[in-house]
Amino acid sequence: MAEEKDISDELLGRWLAGELTDDERIEFEQSEAFQSYQVIAEYSEQLEVGSFDTDAAYERLKEKRNAPPKAKIIGMPRSRFLAVAASILVLIGVGSLFFLGDSEVENTTVSVSKGERKNVTLPDNSTVALNANSSIVYNKGTWKEKRNVKLDGEAHFTVKKGKRFKVTTKHGTVEVLGTQFNVLDRNDRTEVICYTGKVRVTDSKGKSTILTKGMAARMNKGSLTDDWEPEIKDKPDWQLGYSSFNNVPLQDVVDELEAQYDITVNVNIDISARLYRGFFPHDNLDSALALIFGPMQLKYTKQSDAMVVVE
Amino acid sequence: MKEQEENNVCAEETYRGLFTQLAKPLRNYLIYRGSEEGQADDLVQDAFIKLWENCGKVIPSKAKSYLYTIASNAFKNEMAHLKVRLKFVNANPKANTSIETPEFKMEEEEFKVRLEAAIADLPETQREVFLMNRIDKMTYNEIAEALGVSVKAIEKRMGKALKTLRSKIKELK
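Here the protein sequences line up with chains A and B, keeping their order. Heads up: the first sequence begins at 0 in numbering that gives the first Met the number 0, then just goes up one per residue. Heads up: the second sequence begins at 0 in numbering that gives the first Met the number 0, then just goes up one per residue.
Just so you know, not all the hints are guaranteed correct.
[What the hints assert, rightly or not] Simulated crosslink set (BS3-like; lysine-lysine; CA at most 30 Å straight-line): (1) 23/B - 232/A; (2) 49/B - 113/A; (3) 167/B - 61/A; (4) 139/A - 61/B; (5) 167/B - 75/B; (6) 232/A - 63/B; (7) 61/A - 23/B; (8) 159/A - 167/B; (9) 75/B - 61/B; (10) 136/B - 61/A; (11) 63/A - 167/B; (12) 113/A - 63/A; (13) 169/B - 301/A; (14) 113/A - 56/B; (15) 234/A - 136/B; (16) 206/A - 162/A; (17) 136/B - 113/A; (18) 75/B - 234/A.
[As the list claims (entries may be wrong)] Far from chain B, some chain A residues (derived; all Cβ distances over 10 Å): (19) 12; (20) 23; (21) 35; (22) 212.
Think of the hints as simulated: they come from the structure by calculation, not from any bench. Since this is a predicted model, take the numbers as computed values, not measurements. Yeah, the Cβ is synthetic: ideal placement off N, Cα and C, and Gly gets one too.
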């Protein structure tokens with residue numbers, strides 16, 4: 000068989016994708032090989048591999064996500080354990096055997112270090128999006144009876160309908176039936192925003208308030224305050240790529256900056272009385288520094304990628 | 000700020016959307032490379048679990064190449080590389096159909112057998128690209144994106160694959 004002057008690989012590839020110019024195509028169609036390529040194209044399009052059930056596979060995937068082998072399973076440190084146990088006694092009485100349970104009941108702890116984020120799927124497929132430098136503790140064994148999560152830091156919860164779902168922090172509790180909400184508990188400040196459904200927030204003195212969609216509550220040192228009316232979007236700010244603050248101690252802002260960028264910020268002056276209002280983005284350290292320290296009229300020096308000095 | 004809203008794949012809808020769209024072609028891709036089906040299922044699941052764990056670091060437009068890279072690397076570390084086994088959608092051939100081109104003259108059934116054998120024999124880089132296009136109907140753009148190579152490279156590999164197939168089918172006489 001006489002081998003005609005061969006079409007280039009690239010041209011042949013473009014032919015199959017229907018991307019030849021008319022001239023190129025007409026010339027190619029006159030070659031002897033054209034018809035061979037055409038039957039190959041036609042028949043290869045009728046090929047298939049084994050079938051695949053996407054929905055079933057997704058269900059299996061969710062199961063696997065629920066039992067992440069990489070989640071560290073550790074007991075709570077003793078001192079922390081006592082502190083939590085004590086606060087829960089005050090807050091919710093003796094019902095909370097989950098946290099008080101003897102040491103055989105292993106809690107699952109998921110921790111996120113600075114500069115990281117993590118999604119956690121709980122045994123009932125409720126999900127928790129954990130912000131940087133935050134952790135949750137829950138118990139798979141007792142989950143069916145009690146949907147209790149202890150939170151340190153900040154997280155966005157999407158809760159499946161079901162029994163009462165409770166989030167406990169150092170300063171108070173948040174209880175829900177099936178909803179989406181964000182809880183932040185850093186330093187002395189606790190903030191809860193409700194995105195859908197209804198949640199009840201109880202402070203360490205037993206005072207409580209009910210939030211519905213688009214409502215927010217703040218506690219200072221474990222006491223509910225009523226001075227906070229943030230602008231609420233459909234997700235927490237941190238999931239939209241920035242952190243925002245409404246008259247928040249500057250130290251909290253600095254801590255958040257350290258958590259998001261995994262850097263060290265040395266503040267050489269007393270900022271304990273200063274309050275900040277504003278925001279910073281999570282993807283640009285230079286602009287974050289300018290947006291925080293600029294309005295506060297503080298000088299800062301970036302000594303390296305991981306170290307900032309403020310004076 | 001708004002444009003950053005979708006800057007990761009942590010939202011369940013986003014993540015599920017990626018699975019619905021990419022799980023099957025990703026599984027097929029592994030099979031084209033020589034993975035056994037059950038193994039391909041597992042590798043796809045593992046890749047998506049990795050994606051979930053790192054959801055905050057992956058922007059949606061990079062999720063596809065992320066998944067293909069993870070799955071591909073994981074597959075390289077596994078042992079079994081099989082010959083690709085394919086079948087034709089339309090398994091019942093029209094009676095006595097034959098292929099008639101200046102170069103090929105044979106029964107349809109025979110042509111199909113040869114085509115399958117020739118595809119199985121293609122070098123891996125050609126086979127994966129060829130089948131991603133023919134079976135999963137991915138455009139060259141989509142393939143290039145998934146594999147992290149240029150569209151030009153895909154065009155060439157497709158052309159090479161066609162040439163290899165044509166000569167294999169001829170020579171298998």
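Hint-by-hint comparison with the structure:
| no. | hint | in the structure |
| --- | --- | --- |
| 1 | 23/B - 232/A | violated (35 Å) |
| 2 | 49/B - 113/A | holds (19 Å) |
| 3 | 167/B - 61/A | violated (44 Å) |
| 4 | 139/A - 61/B | violated (34 Å) |
| 5 | 167/B - 75/B | holds (27 Å) |
| 6 | 232/A - 63/B | holds (29 Å) |
| 7 | 61/A - 23/B | holds (17 Å) |
| 8 | 159/A - 167/B | violated (57 Å) |
| 9 | 75/B - 61/B | holds (21 Å) |
| 10 | 136/B - 61/A | holds (28 Å) |
| 11 | 63/A - 167/B | violated (44 Å) |
| 12 | 113/A - 63/A | holds (26 Å) |
| 13 | 169/B - 301/A | violated (68 Å) |
| 14 | 113/A - 56/B | holds (13 Å) |
| 15 | 234/A - 136/B | violated (36 Å) |
| 16 | 206/A - 162/A | holds (22 Å) |
| 17 | 136/B - 113/A | violated (42 Å) |
| 18 | 75/B - 234/A | violated (39 Å) |
| 19 | 12 | violated (3 Å) |
| 20 | 23 | holds (13 Å) |
| 21 | 35 | violated (5 Å) |
| 22 | 212 | holds (18 Å) |
In summary, the structure is inconsistent with hints 1, 3, 4, 8, 11, 13, 15, 17, 18, 19 and 21 from the numbered list given earlier, while agreeing with the others.
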